[in-house]
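Asks: One letter stands for each residue in the lines below.
4 protein chains.
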Amino acid sequence: MGLNSYSFRVRYAETDQMGVVYHGNYTQYFEMGRVEWLRAMGITYKSMEDNGIMLPVISLHIDYKKSALYDDLLTVHTHLKSKPMVKIEFDYTLTNESGELLATANIVLAFMDKKTGRPIKCPDYILEKLDT
Amino acid sequence: MGLNSYSFRVRYAETDQMGVVYHGNYTQYFEMGRVEWLRAMGITYKSMEDNGIMLPVISLHIDYKKSALYDDLLTVHTHLKSKPMVKIEFDYTLTNESGELLATANIVLAFMDKKTGRPIKCPDYILEKLDT
Amino acid sequence: MGLNSYSFRVRYAETDQMGVVYHGNYTQYFEMGRVEWLRAMGITYKSMEDNGIMLPVISLHIDYKKSALYDDLLTVHTHLKSKPMVKIEFDYTLTNESGELLATANIVLAFMDKKTGRPIKCPDYILEKLDT
Amino acid sequence: MGLNSYSFRVRYAETDQMGVVYHGNYTQYFEMGRVEWLRAMGITYKSMEDNGIMLPVISLHIDYKKSALYDDLLTVHTHLKSKPMVKIEFDYTLTNESGELLATANIVLAFMDKKTGRPIKCPDYILEKLDT
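Chains A, B, C and D, in that order, give the protein sequences. Sequential numbering from 3 applies to the first sequence in our numbering. Sequential numbering from 3 applies to the second sequence in our numbering. Sequential numbering from 3 applies to the third sequence in our numbering. Sequential numbering from 3 applies to the fourth sequence in our numbering.
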């Protein structure tokens with residue numbers, strides 16, 4: 003379970019005129035992090051949605067330490083904080099190719115029934131993967 | 003029918019490290035243009051979608067003449083090119099507060115049935131508005 | 003000083019396939035909030051940058067209460083939390099046309115010298131505006 | 003010289019409430035295409051900018067054939083159309099994992115001196131790479 007690391011390059015479109023990645027775009031990096039964390043367990047978020055479960059973000063906290071730059075090869079490290087119940091919580095770190103810490107983050111998402119819009123428990127097939 | 007003009011400010015997030023608006027973000031400006039063109043006729047694109055009609059873009063052409071800058075007050079001028087059938091075609095110009103021409107564009111969208119995904123004719127309630 | 007409210011419409015591009023505004027795009031709304039808060043005092047962020055001062059975000063916290071929807075007329079309420087020193091801290095609420103609370107946020111930015119990249123104090127011309 | 007192919011996954015943030023990739027986000031895909039085309043020749047766009055050359059887009063044409071979907075593994079095929087002079091022109095195709103054609107595009111960029119903002123010729127070190 004624990005940790006997944008995923009690397010990708012900063013796109014030009016993600017920068018702003020400060021010459022660094024726009025702070026709001028980090029949310030996309032952390033999203034890729036948890037999607038690839040799931041995929042590494044053999045689950046796709048796409049299939050979860052196709053099966054009627056959505057995972058809206060309910061809380062987001064990012065601390066920016068150092069700027070991310072265009073064309074940087076970044077790595078997002080995704081760490082499940084505790085056993086998911088109706089919510090799932092991740093801690094993240096974002097590093098560049100030199101291993102410098104660019105940002106830390108904590109993001110909480112809620113399992114939601116797509117049809118009813120109501121909160122539901124974490125599906126068993128995810129809990130089972132986490133136990134192994 | 004003819005022309006609608008809509009003004010708005012450039013957001014910081016829309017710039018890139020070239021110090022100008024990222025070229026891809028103009029697509030959002032033209033989208034606001036046609037949405038406000040519709041609203042000026044008393045129709046919202048939102049209600050169209052709620053009534054089962056989607057309008058995907060099928061062709062996009064933009065010529066960039068002069069850079070748009072952060073905090074600029076831009077105006078998008080939206081002009082319906084011809085009577086819509088299964089497609090609807092708009093010509094656009096984008097100007098800044100000094101009246102300088104920043105870009106021209108031509109965008110074609112298709113009326114589509116949301117359920118079937120199939121092309122349909124422009125709804126009568128739009129054609130009627132255009133005739134008045 | 004205190005509070006500024008700024009209203010704007012949700013763009014189609016800001017939604018995701020969950021049918022609501024993508025959580026990361028709220029960062030642009032809060033950015034518009036503080037830019038308009040400054041403008042209401044007679045200062046533009048653009049002129050600050052032109053004068054060599056940048057304001058990178060160093061900490062971001064958003065709590066999502068209720069979804070923002072396409073074409074919603076939203077209002078971002080920007081509140082300066084305390085007298086700015088080397089940092090400036092804002093509390094935000096985001097509401098829709100019905101007055102429903104969609105999100106709360108706290109964002110901290112740092113005053114930075116554009117040339118040296120070093121932290122600096124809040125410029126006097128801002129502090130003076132805050133005193134009046 | 004000719005052709006470069008680059009694959010990547012569609013991010014959730016790139017979709018809109020139509021349930022497909024927002025049409026404006028294709029511009030980022032084509033940008034990755036030409037950046038990786040350059041990198042395959044041993045040149046980074048980042049180093050070009052560091053050496054005082056910018057490449058703004060001056061014309062963009064996209065034809066949308068079929069929707070790109072969340073989590074799709076897409077491939078952008080970048081083809082240099084002719085020997086670059088003061089402009090450089092690329093033809094693109096975008097395909098999904100099944101090999102279906104999603105979009106074609108033609109994008110023209112101009113070589114520009116970063117300091118003067120004036121058009122310049124394609125740098126010799128690029129022309130030399132193209133000749134080999």
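Worth flagging that the hints you see were computed from the coordinates, not collected in a lab. One thing to keep in mind: the hints can contain errors.
Stated by the list, open to error - Across the chosen pairs, the derived CB separations fall in these ranges:
no., chain 1, residue 1, chain 2, residue 2, range
1, A, G21, B, E102, 24 to 32 Å
2, C, K85, A, V110, 26 to 34 Å
3, B, L132, C, D126, 52 to 60 Å
4, C, D126, B, P125, 52 to 60 Å
5, A, E102, C, K83, 26 to 34 Å
6, D, D73, A, D93, 21 to 29 Å
7, B, L71, D, R11, 57 to 65 Å
8, B, E130, D, D73, 36 to 44 Å
9, D, L75, B, K85, 54 to 62 Å
Ideal placement from N, C-alpha and C gives every residue a C-beta, glycine not left out.
Asks: A separate judgement is required for each hint: does it hold in the structure or not?
Replies: Hint check:
1. Between A:G21 and B:E102 the Cβ separation comes to about 25 Å, which falls inside the hinted range of 24 to 32 Å.
2. Taking 26 to 34 Å as the suggested C-beta distance range, the pair C:K85 and A:V110 conforms, at roughly 32 Å.
3. One distance hint, 52 to 60 Å for the beta-carbon pair B:L132 and C:D126, holds here, with the actual separation near 57 Å.
4. Between C:D126 and B:P125 the C-beta distance comes to about 59 Å, which sits within the given range of 52 to 60 Å.
5. For the pair A:E102 and C:K83, the beta carbons lie near 30 Å from each other, so the given range of 26 to 34 Å is met.
6. Evaluation of the 21 to 29 Å hint for D:D73 and A:D93 yields a pass: the beta carbon distance comes to about 24 Å.
7. At about 33 Å, the CB distance of B:L71 to D:R11 disagrees with the hint of 57 to 65 Å.
8. For B:E130 paired with D:D73, a C-beta distance near 41 Å keeps the hint of 36 to 44 Å intact.
9. Taking the beta carbon of each, D:L75 and B:K85 are about 41 Å apart, not inside 54 to 62 Å as hinted.
Hints 7, 9, counting from the list given before, are not met by this structure.
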